[in-house]
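Colleague: Based on the sequences and whatever the hints tell you, model everything.
Protein chains in written order, with UniProt numbering: chain A, 1 to 448; chain B, 1 to 480; chain C, 1 to 367.
Hint data in this document are derived by calculation from the structure and do not stem from the laboratory. Possibly wrong hints are sitting among the right ones.
25 Å max Cα-Cα, derived SDA-like pairs, lysine to any residue [said to hold, decoys possible]:
#	chain 1	residue 1	chain 2	residue 2
1	B	Lys388	A	Ser293
2	A	Lys308	C	Val286
3	B	Lys247	C	Pro111
4	B	Lys55	C	Ala255
5	C	Lys248	A	Gln129
6	B	Lys388	C	His225
7	B	Lys457	B	Asp76
8	B	Lys247	C	Gly203
9	B	Lys55	C	Pro281
10	B	Lys345	B	Arg362
11	B	Lys171	B	Lys68
12	C	Lys248	A	Ser293
13	B	Lys68	C	Met252
14	B	Lys73	B	Ala94
15	C	Lys248	B	Val65
16	B	Lys388	C	Ile159
17	A	Lys432	C	Gly203
18	A	Lys408	C	Lys74
19	B	Lys425	B	Phe11
20	B	Lys55	C	Ser39
21	B	Lys68	A	Gly312
22	A	Lys432	C	Glu314
23	C	Lys248	C	Leu261
24	B	Lys457	B	Ser478
25	C	Lys248	B	Leu72
Computed footprint of chain C on chain B, listed as stretches where at least three residues anywhere in the stretch have a Cβ under 8 Å from a Cβ of chain C [stated by the list, open to error]:
#	region
26	36 to 49
27	58 to 71
28	237 to 243
Positions of the beta carbon are idealized from the N, C-alpha and C atoms, including for glycine.
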Amino acid sequence: MADSDEEYIGGVSEDEDNNPAFRGPRGEATTSRAKRRKHGGAEWEVSRTWETLVEGADGTISSTVEGLLEAGKRKRLLRDTTPLQRGIIRHLVLILDLSQSMIEKDLRPTRYLLTLRYAQEFVREFFEQNPISQLGVLGLRDGLALRVSDMSGNPTEHISAIQALRDQDPKGLPSIQNGLEMARGALFHTPSHGTREVFIIFGSLLSSDPGDIHQTIASLVADNIRVGVVGLAAQVAICREICAKTNGGDYYRYGVALNEQHFRELVMDVTTPPATYSQKQSTNSLLMMGFPSRTVETNPSLCACHSKPSCGGYSCSRCNSKACGLPADCASCGLTLILSTHLARSYHHLFPLMNWVEVPWQRAARSSACFACGISLPPVPPKDQWQTAEGQAKGVSVSSRYECPACKNHFCIDCDLFAHEVVHNCPGCQSKAARFMPTGPDTMDTSV
Amino acid sequence: MAMAATPSRPFDYLESLPGTTFYKLYQQPSTALAIFRRMLPDLAKCFVMALLYLKDPLPAANLEVWVKAESLKERDNALSILGRLHILSNTMVADNTRAYKITDPFASSLRQALTGAEKTQSFGVLSHLSNSDSRSIAELDEYARRQWEGVLGYMVGTSGLGIQRDVNLSKGVKQLLQAGHLVEIRDRRVEITQDGFAFVLQDVSVQVWHILMLYVESADAIGMSSVEVLSFVFLLSSLELGQSYDKKHLTSNQLRTLTDLADFGIVYQESPDTNQFYPTRLATTLTSDSSALSNPISGSLSGPTGGTTDKAGSGFIIIETNYRLYAYTSSPLQISLIALFTTLKYRFPNLITGKITRQSVRRAIEMGITADQIISYLATHAHPQMRKHNVSRSTSNQAGIPPSVLPPTVTDQIRLWQLERDRVKATAGFLFKDFVSLSEYEAPCRYAEEIGVLVWKSDRKRMFFVTRHEQVAAFLRSRK
Amino acid sequence: MNAVDATEHYETSARDPAPSLLTVILDTNPHAWALLENSLPLSKAIANILVFLNAHLACNYANEVAVVASHNQKAAWLYPRVRQNTASDTDGDAAMNGSSAEPGQVNKYRPFRIVEEQVTQNLRELMESTSGADIQGTNSTMMAGALTLALSHINRSSIAWAEAHGADMAAAGGDVPPTGGSTGTDTMGEGLQSRILIVSVSGATDSAHQYIPIMNAIFACQRLHIPIDVCKLSGDAVFLQQASDATKGVYMSLAEPQGLLQYLMMAFLPDQRSRRHLILPTRVDVDFRAACFCHRRVVDIGFVCSICLSIFCEPPENGDCLTCGTHLEMGDYGAKPAVVARKKKKKKRVNGQSNTATPTPTPTPGP
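Modeller: If you want it as C-alpha cells, here you go:
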C-alpha cells in the first residue's frame, strides 16, 4: 500500500487489519449490552443456525428449512405499526467521507466507489420516499469540508454531482467537525416545521479536527439537528457520542456495516422518515398548497419561474401563472405548488397497514385458498396432528394462513409480504364496501 | 430481434408457397391463428390486430405515423413479413393514397378464431369419454417421450453407439428421415448425416417443426395435398393437452396423417380404428415460441430414469469454467449425444463426467455439428443449479445485459475452435451492382438494410448483397 | 474472427421472450352502466372486451389474462376465479353449463372459451348477488380493492414465473404439480410483463374516499413498472388520470363508446415490448387534484398539515389536525377572503426561507 509511508501510520494500519475477520470481537467489546435497537453488536455474533434445524418425520430437513425461510420473510414484516408522528418534510445533509481510508478494498470494488454508488441510490430513494424534502451533499477530504451539491429538492442535481466525484481520488484525512459545522450552516435557515438531519457515511477511524468537537455537538443539539452515522470500518467512539447526544441519548442511528448488503440496508434505512419526538422542538403549521394540473399548449410560452419558453407546464391553481416543474413556489403569487402524488407517497408511513395475525388450525378451516392471489393453502390436518407442527419458529403461522384483523380474510405469506411492503393496502378490506369495515383505529379509511 | 423468435425453417417453407396456397390455408381459423401467433414479430401482431376490425383500409401514412421514428427498421421488417405471408395487402383508396388492409380469407378467419361465431371444426371436436378410458397427461407425456426418443435413438443409435431399441418405428418414419437427408442408407446400414447431427442437437420444438415440414413437403409425393396436411398440423397445434378429440369429422387424408404423426408421438391414439385421438405436448406447444414451454418434454426426454413425472424444466448438465462437464443422466440417447462433442471420462449409474477438449470439439465439427448447436444444446439442458447461479450473478451485476447460463470462457472457446477450421461462410443470395450514381445506390441499400436482408455492401464499389431480392427489386421499380 | 465478441454470449438467453399478463379491471357499477344503456350496454361491452382478451391470448402461447370486477359494493375476481369454501356443488354447476353449451354450437379455441365461459358465468353470479339495497346504498365502485387484488395476482404470477424460470424453487415448493397445465393456462408460463387495463365508467367524486388506497396501489405499480392503462367510457376520473400518468400507461377517454373494440385493439393491445416502437395516445394534460381528508372533496388548493401531510379543504376547527391531532399554527386563511393574498405573501416568506439554498432564479421581482 502506497499510503503506509505517510505520517498517520497508526491510523492507517488500524484500518488495514480491519478486515471482517477481526471486526467481530472488537465491535463487541466496544458495544455495550445496553439496548440495541436495530444495529450493533447483536448481529456480529455467530448465529448457530444449524442447531435450530430439526429433522422432519421423513428424515429430511426441508420442512424446517421452509419454515425458516418463511420466518425470515415474516421477520421483516413484524414491525411496529403504531402510527407515529413522522417528520415528513425533511432537511438532510449527506456527508460523504472522501479521505484516504476510502481507498480500502474490503468492500467491493472499493469503499469509495461503493459509497458513491449507494449514495446515488440513497438520493433517488430519499426523494422517492420524501418527495417534498430538501437534501444537500458534502464531502470530507484533506481535513476540509467540501461542498458537493447545495440544498435542493432536485435529485438529478445531486446524482450528477456525486457522479462527478468518481473521477476524483479520495485523499487526506477527514474532519467531522468541519463537516458538521458546514452542515449546520446549511441547515440553519431551514424552517422549523421540517426536520433537520445530518447523515454521515464514514470510512475512517479518526477525525482530525481544528477545534473542540464537543462544542460543535452542543450547538447541534441546540439547533435540533439530528445526526446519523454509518461506519465502514469499526465503531468510533466520537461518532457514537455524536449520534447519542443529538438523538436524545438513543444511539441506534449509528451503525457499522458488516458487508456490502448490510451497508446498503443501513443507508436505505435512513430514507424512512424519522419519528418526531414529543418535545416541542418544532412549531407545526398549516401550509396552504396548490395542486395544479398539467397543461399543454400548442405554442410555447414563457414560464414564470425561469422565463424559458416551453410548450407545457403546470398552471398555478390560484393565479394561473405557469410553472415548468414541480414542486415549486408560484413565482407570482407565492403559493406552494405540489403534485398530490408527492404528498400521497408518504401516506403509508402515516397510515400503516396493521400486521396480520397467524391463524391456528382451529380457525383455518374457513379458507382453502388465499383471498388475494388464490393460491391454495394447505388443507387442515386431523386434530391429533395439530400439536406436532406447532411452535417451530416465531411469527410463523402453522397453517400458512395470515389473517387481517379487520376483514378476517386469510392470506398466504407472499401476499402478506406484498401487501405490507409494496402496496400498503389490505386486499380484503379494500374489496368490501366501506360500511362493512370496522372503524378500527388504523383502518385505511381516511375518515378520522 | 423480432426475427429471432421466428424459426427460419417453417417460415421459409411457407414463404415459398404460391399465393393461392395461402388463400386455401387461410380458410381455416386455426391456421390463421397459428400463423399469426407463431410466425409474426410483435410489431406485426399489433398491426394485424389494429387493422383487423377496421372497415376501411388504413392509409399507409397513418400507419407510419403510428410507429416511432427510431423504430423504422422494425416497422419495415414487420410490414415485409406480413407482405411475404400474404396477410397484408396494399390497396389504393379513393384519393390515390396508398393504404393497407388485411387480406380477406386471413382477416375473416382470424376474426372467426377470436369470436368463434362459425360452425366449423377448425379447433377440433371434443369427444366425450368416461373417465376410466381417458388418458392422463402423464401418460401422454410418457408416450410422446418414448416415441420421440425412439426416433432420435434410431438416428443416433445407428452411428454405432449402441442403444437398445424398444420402440418399433414404422416404415413411414424411416422413409421420411431418409427423404429429409437426416439419415442415409449405406450398404444396408443406416448412417446419420451431417444434417442429422445438427438435427439431434436442436431443441425439441425445433425438431418437431423440422419433421413436420419434411412431412408436409413429402405429402404431395404420397398423394395428399400439402395444404390439407399443413392446415391439419396447425389444427393440431390449437388443441388442448389432456383432452380427447373425435375423429369422425376428419377426412381420410387427415386420418392418414394422424396415423403417421402418431408414430412420432405427436398425437396418441389407441389404435388407428378407435374413434378418438389425443394431442400430446409435442403438438400443443407447436405455436409457443417460448423454449421454456417445451422443457417439460425435453426435460422428461432427458430425464435420468425416463420417469413419468419429471420436474418441469429440469436440465441435467453442469459445465465448469475448466471445461469439465457433468451430466446427471442415464439415458443412453443423451449420453451418446454428449459423447458427440465431449471426451467422456467416467460413467456412474446416474452421472457421466467428461471434458470438452479441442479434439472432441473438432471431431464434432468434422461431423457437421456447429459450435452454436453445441452451445445451444448445453444451454438448453443446463442444470437448474447453473441457472440459479446465473440468476444470482445477474442480480449482483448492475449492467442490464443478461449473462449467459454457460461460462463465457467455454462458449468463447468452443466458437474459437470452430473458427480454426471454418473460415469461410457461404450465403446464397443476390448481388446488386452497377449503380450509376451514389444516390441511386444508397437508397435501395438502406432499404435492404431496413428490411433485414442486407448481408454485405461496399460503398466504394457501389455493390450490395442481399439474401432475397423481390422486395428490393420492387423498391427499385417503384422509384423509377 | 469477428464472430467472437461479447454480444454473442447473450443470444441464447435473449431469444426467449417473456409472456405478458394482462389484468383487466372492469368497472361494473350498475349506476354508471345504466346511464350508458343507450350507447353501449354492458353486455355489448363485455362481448367486445372478451374479443380483446382473446386477441391478447392469441398473441403468444403463454400470454395470460385475469379479470377483476370492481363492483359497487365489492371487488371480485371474474377470471381466474378463486372458489372459496364453496363445495363441489357450484363447481358441478359450472361444469354442466360448460359441457352443455359446448358441443357443436360454437367451435372455438379452447383457452378462449374457458375465459369467456368463466367471465360471463361469474359476472352473472355477481349481478344476481347484487340486491336493490346494495345499489341504493352506494354509488361508487371499489377501484382500490380491484387494483389491490390485481396487484396481488400479478405478484403471485411473477413469483411463479421466476420460480419456473430462474431457480429450482418450484421443486422446493412442491405445490406445482406437473398436471397443473390441465386448465389450459399453464401456471409456469405466467409472465413478468404485466399490465393493468381499467375499463372505467364511474366518476371521480365517488371514489374520493378511496384516495389513499388508490394512491398506494398506484405507487406500487410505479415501483413494479406495471403500466396502468385506462379506458374511460364515461365521466372523468381524476385519480385514474394520475394513475396512468405516473405509471406511463395509456389514457383514453372515449367520446364514442360504440367503437370500443377498435380502441381496445389499437391502443391497448400492444404489450410493453411493442410499445417501445409505437406512439400511443397518452394524456398530455393531467388533472393532479387531490381529495381532501375532511369532506372528501376534490380540491385544487388545499391546506396541508406539516406533520402528517393530510390535506384539508378548509382550515380545521381549533387548528387541530384531524388526522394526527397536532395543534397547528394557522394563518388567517379564508377568514377574510380579501386579505388572503397578503397573508399568503407572508406565508410565502416563511416558505421562501425554506428554500434559501435552492437556486431558483426568479426574474419576476416580488411586488
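Colleague: Hint check: B:Lys55 vs C:Pro281, CA-CA at most 25 Å. Holds or violated?
Modeller: Measuring from Cα to Cα gives roughly 21 Å; hence the hint holds.
Colleague: Take the C-alpha atoms of B:Lys457 and B:Asp76, compute the straight-line distance between them, and say whether it is at most 25 Å.
Modeller: With a Cα-Cα distance of about 19 Å, the restraint between B:Lys457 and B:Asp76 holds, given a limit of 25 Å.
Colleague: Need the status of pair B:Lys55, C:Ala255: alpha-carbon distance at most 25 Å?
Modeller: This hinted pair holds, its Cα atoms lying about 19 Å apart.
Colleague: Do the alpha carbons of B:Lys457 and B:Ser478 lie within 25 Å of each other, as the hint requires?
Modeller: Holds, at about 22 Å.
Colleague: Does B:Ala94 lie within 25 Å of B:Lys73 when you go C-alpha to C-alpha?
Modeller: violated (29 Å)
Colleague: Is the Cα-Cα distance between B:Lys55 and C:Ser39 25 Å or less?
Modeller: Holds, at about 20 Å.
Colleague: So if I understand the rule, the pair passes when the alpha-carbon distance is 25 Å or less; does B:Lys388 with C:His225 pass?
Modeller: Holds. B:Lys388 to C:His225 sits at ~24 Å (cutoff 25 Å).
Colleague: Do the alpha carbons of B:Lys388 and C:Ile159 lie within 25 Å of each other, as the hint requires?
Modeller: holds (15 Å)
Colleague: Holds or violated: the region 36 to 49 of chain B covered by chain C, criterion of 3 or more residues with Cβ-Cβ distance under 8 Å?
Modeller: Holds, because 7 residues of the region 36 to 49 of chain B bring their Cβ atoms closer than 8 Å to Cβ atoms of chain C.
Colleague: With a C-beta cutoff of 8 Å, work out whether three or more residues of the region 237 to 243 of chain B approach chain C closely enough for the coverage to hold.
Modeller: n = 6 at 8 Å, threshold three: holds.
Colleague: Holds or violated: B:Lys345 and B:Arg362, Cα atoms, limit 25 Å.
Modeller: Holds, at about 18 Å.
Colleague: For the pair supplied as a hint, B:Lys425 and B:Phe11, confirm whether the alpha-carbon distance does not exceed 25 Å.
Modeller: Roughly 22 Å between the alpha carbons, so the hint for B:Lys425 and B:Phe11 holds.
Hints 1, 8, 11, 14, 22 from the list above are not met by this structure, while the remaining hints are.
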